[in-house]
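Enquirer: As a plain string of letters, each chain reads:
Protein chains: 2
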Amino acid sequence: MNKITQTKNTLQGKTSIKDEFWGHYIRLVQDVVIPYQYEALHDRVPEAEPSHAIANFEIAAGRRTGEFKGWVFQDSDVAKWLEAVGYSLSIKRDLELERRADEVIELVGAAQQPDGYLDTYFIIKEPGKRWTNLQDCHELYCAGHFIEAAVAYYEATGKDKLLNIVRKLVDHIASVFGPEEGKLKGYDGHQEIELALVKLYRLTGEQKYLELSSFFIDQRGQEPNFLRKEWEDRGQVTHWSGKTDKTDLAYFQAHLPVREQSIAVGHSVRAVYMYTAMADLAALTGDAGLRQACERLWQNMTQKQMYITGGIGSTHHGEAFTFDYDLPNDTVYAETCASIGLIFFAKRMLELEPDAKYADVMERALYNNVLGSMAQDGKHYFYVNPLEVWPQACSCNPGKHHVKAERQGWFGCACCPPNVARLLTSLNQYIYTVHEDTLYTNLYIGNESVFTLGGQEVSVSQQSNYPWEGKVQLKVEPDAAAAFGIAVRIPSWSKGFELTVNGEAVDTAAELEQGYAVIRRVWNAGDVIGLNLPMQASRIYANPKLRADAGQTAIQRGPLVYCLEEADNGATLSSLSLNGAGAFSESFDASLLGGAVIVKTGGFRVDEASWNGELYGSTKAETKPVEITAIPYYLWGNRGSGEMKVWIRD
Amino acid sequence: MNKITQTKNTLQGKTSIKDEFWGHYIRLVQDVVIPYQYEALHDRVPEAEPSHAIANFEIAAGRRTGEFKGWVFQDSDVAKWLEAVGYSLSIKRDLELERRADEVIELVGAAQQPDGYLDTYFIIKEPGKRWTNLQDCHELYCAGHFIEAAVAYYEATGKDKLLNIVRKLVDHIASVFGPEEGKLKGYDGHQEIELALVKLYRLTGEQKYLELSSFFIDQRGQEPNFLRKEWEDRGQVTHWSGKTDKTDLAYFQAHLPVREQSIAVGHSVRAVYMYTAMADLAALTGDAGLRQACERLWQNMTQKQMYITGGIGSTHHGEAFTFDYDLPNDTVYAETCASIGLIFFAKRMLELEPDAKYADVMERALYNNVLGSMAQDGKHYFYVNPLEVWPQACSCNPGKHHVKAERQGWFGCACCPPNVARLLTSLNQYIYTVHEDTLYTNLYIGNESVFTLGGQEVSVSQQSNYPWEGKVQLKVEPDAAAAFGIAVRIPSWSKGFELTVNGEAVDTAAELEQGYAVIRRVWNAGDVIGLNLPMQASRIYANPKLRADAGQTAIQRGPLVYCLEEADNGATLSSLSLNGAGAFSESFDASLLGGAVIVKTGGFRVDEASWNGELYGSTKAETKPVEITAIPYYLWGNRGSGEMKVWIRD
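These protein sequences, in sequence, are chains U and G. With the first sequence counted from 1, adding 349 to any position gets you the working numbering. With the second sequence counted from 1, adding 349 to any position gets you the working numbering.
By construction, these hints were calculated from the structure, which means they are not laboratory data. Keep in mind the model is a prediction, meaning the values are calculated, not measured. Heads up, some of the hints might be wrong.
Each pair may be met inside one copy or between any two copies, as identical chains are not told apart.
With a Cα cut of at most 35 Å, we get these calculated DSBU-like pairs of lysine-lysine [unchecked claim]:
| hint | residue 1 | residue 2 |
| --- | --- | --- |
| 1 | LYS517 | LYS534 |
| 2 | LYS418 | LYS478 |
| 3 | LYS969 | LYS532 |
| 4 | LYS534 | LYS548 |
| 5 | LYS973 | LYS844 |
| 6 | LYS894 | LYS973 |
| 7 | LYS973 | LYS534 |
| 8 | LYS894 | LYS696 |
| 9 | LYS532 | LYS441 |
| 10 | LYS595 | LYS418 |
| 11 | LYS949 | LYS973 |
| 12 | LYS478 | LYS844 |
| 13 | LYS706 | LYS696 |
| 14 | LYS696 | LYS969 |
| 15 | LYS706 | LYS969 |
With the rest of the complex left out, here is chain U:
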């Protein structure tokens, strides 16, 4: 156990988002997603599979009879809903919603066992088998989600009922797991409680939570391997598929002690949840080994295993990473939850160190993979976020069955929609970080915030028309004149920028500090920072080692990756190629799915009429010039089933 030191930079002040672009999506979560999910949890959505999640709690609480149904980790859906409710209430009080949440929390409390244990699967179905299959059964994972919910709900409402439930639960867990003689030296197959315990520590200041989180992280991958031993003790069976040959420890990131890991492997959501907790602990404990591991894993993941959309996970087999530079566009996984976890990890790295590279990836994942997962109605989602879709292949080639051409309704394993809900309702937490009296602006999302900087309370308001325009205004209002720094991120996509304070140019020749332009001065009330990041559609190329994108070009404008759709360009998108020298024209189309900048450029289309119809032939088909239309990736799949392609021949 490393010495626990108090964190320097976790108090971020308070930020309220006031942003036209994101406001729409946050309201969608509040007005549609949270109520819809509430109904889904209560099995009252006719078109969705019954969740049975609330029913399980009612049975566990002895309020009704019946069997446990749903996934073994079904409880976590209730927790993720409560967490999103917490964030939502902190944005806008809603008494009816709060009453519903209180009722659910009361039910959760009623289901909790006298010793603090809480997991309806084992309470109802296998009461004698608690903590015997950590690998598959997710008891600690569910506990982690309840902890996150309790912290969010307490911070929003000041109500501590759920907080007390999870503290009692954690005390129980600490009586079962730990370094002491007779306790389990184990950890969950699905990381989550580790980052949740850090949140509980930050809220309560109680060191025991941090110690338990560190225990789980430190123990992972140690020999003798807990998951392997547990599997042997169970008779080499899994919860899912009976007898197995071997436990694939890399799938669980339990193949090596975490400090020895350098390559992102295994189930990608588990991986990024773990890295998030590692970065948290590195920040809180100053553990250099953990920090270095985080830096190595970040580097590997974002420089060798990440799609241009901020998606991670190249295969649906195990929803997992594969290996360096293996980023197929059509058999991709790029799960929504994995990109959300990547954003969690990026935020923790920004808290460790103000380096814009972390915010660049955060922005990339947020505006593309994550935002694109959600339909404009808030009720349909992509679980898998492909970069190339041929709808017929999704239905007729089993290797692409996991890829869908249109967003689906609530899932049997409904992890992604509640994860989107909790991210968007807590998006205010991702905009700024503070390091040593400097406020770092990581995301350009309109907001009003209050921080303590230079010994003063400072109001900061940010305005922009991002992601369509790169003009950002930051108004600074200290209670009294004070010296501190304000840093604005210069995104990696920007080809130049203009920076002013009160209309006067700031010397932009000054070197950027790890991707930020930092202004250190005495600030007076009403000072205004103007940042202009000119946005223009431009060509992006992939590392030549990235075989799937060879000879192809992507279009990006500001933070948004673009794509071609059949709706605009006709079928057989593979027949299109860009004119290598062609300019892009950009225009805002208010009629396109809520309004968006569309990009047009000259290109070529193979003329199918010039081909003789044979499967193979020696006379090349002719090409003819065409206009190619690209739309932001996040909007794809909203106009019926059709082909889509991010990388285009050039």
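Place chain G on chain U using the hints.
Expert: For chain G alone, kept in the frame of chain U given last:
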């Protein structure tokens, strides 16, 4: 049942291959494959998994005790070996080999049950369950292979012991299956017996065999569906994986009556074995509905679902076809056995109708997919024949685990190597067809043959240096001068040809007859036909609907498709592109894997050193001119593990 009419064109005369190129491979089968397989069947190959196939027969015969081991269709390996031995003995008598085969046949006879039943799995393991799981258990499939073996062995040796075994077996089968009251209205999950019964009919002239074959073909896909009913009767379980949701009838080509099928679907080997029998029956019975179905299925398969290498089957899920124009190069299946079955089907279509398009596909599959499946040592094989390989992806991306970068030793499911063995030892049967006193030359493989044409016995000898040169000489020696036709196929790849008789040009302006140049005249002893098919490496393009090959070019020279290998061109083959206007230089390299024409051309390589190392960037990497070396596809993977690519950016 359709009226049975005697076939007009099945007596092909006798052909002995005398060919340097194929002679090598045929000797490899005789000297290495057949002896090796004999040892494997006897569990005496230390490096291979025990086959247990002979042991199963010994147990079934009561000669030793033990359990049945291996696949439920393990018996077929013994049958395929005996079939290959038959063909081999017809090429060259070998007393020791014949003694071994007789011994095996004696054992097979000893295992046969008094009522004629023969399948060691059910004899040993589930004696009460005969004929209860036709879908999975392949009893008729194994019977089919024994029938093929018996015909081949009888034709080579005149020995009828195995023939009598299978006739007794077929009589037993006919007592179980058939249109009569009380018999099963079923068929095998894996087609094979249908084409085998046609061979038995051709040998014996006994109509009952043809009727049974027709019964199986006619019954397939009829409602109520036999396979579905059987599955329900079994309690909805399969032999392989317990309870299943549904029987996927298309996998078994049992989704529709065969005469209503138009699209190649399901397991590709089963499909082409069935189409082969359908074409046989169409030829023998004159059934127009069957023939039209064959033509539709041929057209769909070869014009919409075939790789340029003659591979079929786009997915390893079910080793199956997917849908039109879905031909991914890297997640491909293209099983060796499927291309062999495609050759079987092509031969039957050539017997139905002299159209060179069937021989073009036969040649394509033989010289590329099939020949490439075998290592130069005869002991290593590809089961899957990809068109693009990145070895690391084969081991680290589970979606490509079925693709191997190097040929493997004998397989657990050893279907491909014995299938190659029986095809190559019977290759003499694929060179010619005879229609109405015209001899059609389908393949350019050196041979000496005897036919009856124009009422005379005619010796024909063919010589060429194919596939390296397109100069072919056919010497015609009728016993006495006689009028008949000789047709030479003008391959679809040839851009022109010269044809002479006794050195004098034949009018090549005459229209080809369905792809053949036909010379009808009075032939005298010593007449010599000279055919010159100039071979030059050239570019081949794919139909624009074939998305996987968009913007890419393949190189073909004569019948051989070429590929790039890492061994010649370095790693990251995706970084290479052809110079669109570049010429090809060709040279015979005697040192390359037994000697081959290699093709070189100018191209470009992305210069990795000019890339800044980022995963994505806005500055395109530079390219530099390089020389690109292509080798025949069939030789790939013989120089260690490395990348390979057939389609190259242009």
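Enquirer: Hint by hint, say whether it matches the structure.
Expert: These are the hints, each one checked on the structure:
In the homo-oligomer, the alpha carbons of LYS517 and LYS534 lie at most 35 Å apart inside one protomer (20 Å), although the nearest pairing across protomers, at 66 Å, exceeds that limit. In this assembly of identical chains, LYS418 and LYS478 lie within 35 Å of each other by CA distance solely inside one copy; the values are 17 Å within and 37 Å between copies. Within a single copy, LYS969 and LYS532 get their C-alpha atoms no closer than 71 Å, and across copies no closer than 57 Å, so neither meets the 35 Å cut-off. For the homomeric pair LYS534 and LYS548, the shortest alpha-carbon distance inside one copy (22 Å) is at most 35 Å, but the shortest distance between copies (67 Å) is not.
For the homomeric pair LYS973 and LYS844, the shortest alpha-carbon distances inside one copy (33 Å) and between copies (27 Å) are both at most 35 Å. Taking the shortest Cα distances, LYS894 and LYS973 sit within 35 Å of each other both inside one copy (31 Å) and across copies (16 Å). Within a single copy, LYS973 and LYS534 get their C-alpha atoms no closer than 66 Å, and across copies no closer than 57 Å, so neither meets the 35 Å cut-off. Taking identical chains as interchangeable, the C-alpha atoms of LYS894 and LYS696 lie at most 35 Å apart only when both belong to the same chain, with a minimum of 29 Å there against 44 Å between chains.
Taking the shortest alpha-carbon separations for LYS532 and LYS441, neither the intra-copy value of 43 Å nor the inter-copy value of 75 Å comes in at or below 35 Å. Taking the shortest Cα distances, LYS595 and LYS418 sit within 35 Å of each other both inside one copy (28 Å) and across copies (24 Å). Within a single copy, LYS949 and LYS973 get their C-alpha atoms as close as 16 Å, and across copies as close as 30 Å, so both meet the 35 Å cut-off. In the homo-oligomer, the alpha carbons of LYS478 and LYS844 never lie at most 35 Å apart, since the shortest distance is 59 Å inside one protomer and 74 Å across protomers.
Taking the closest pair of Cα atoms, LYS706 and LYS696 come within 35 Å of each other only inside a single copy of the chain (11 Å); across copies the shortest separation is 62 Å, beyond that limit. In this assembly of identical chains, the alpha carbons of LYS696 and LYS969 lie at most 35 Å apart only when taken from different copies (31 Å versus 51 Å within one copy). Proximity of LYS706 and LYS969 under a CA criterion of 35 Å is satisfied inter-copy only: 21 Å between copies versus 44 Å inside one chain copy.
Consistency note: the structure conflicts with the earlier hints numbered 3, 7, 9, 12.
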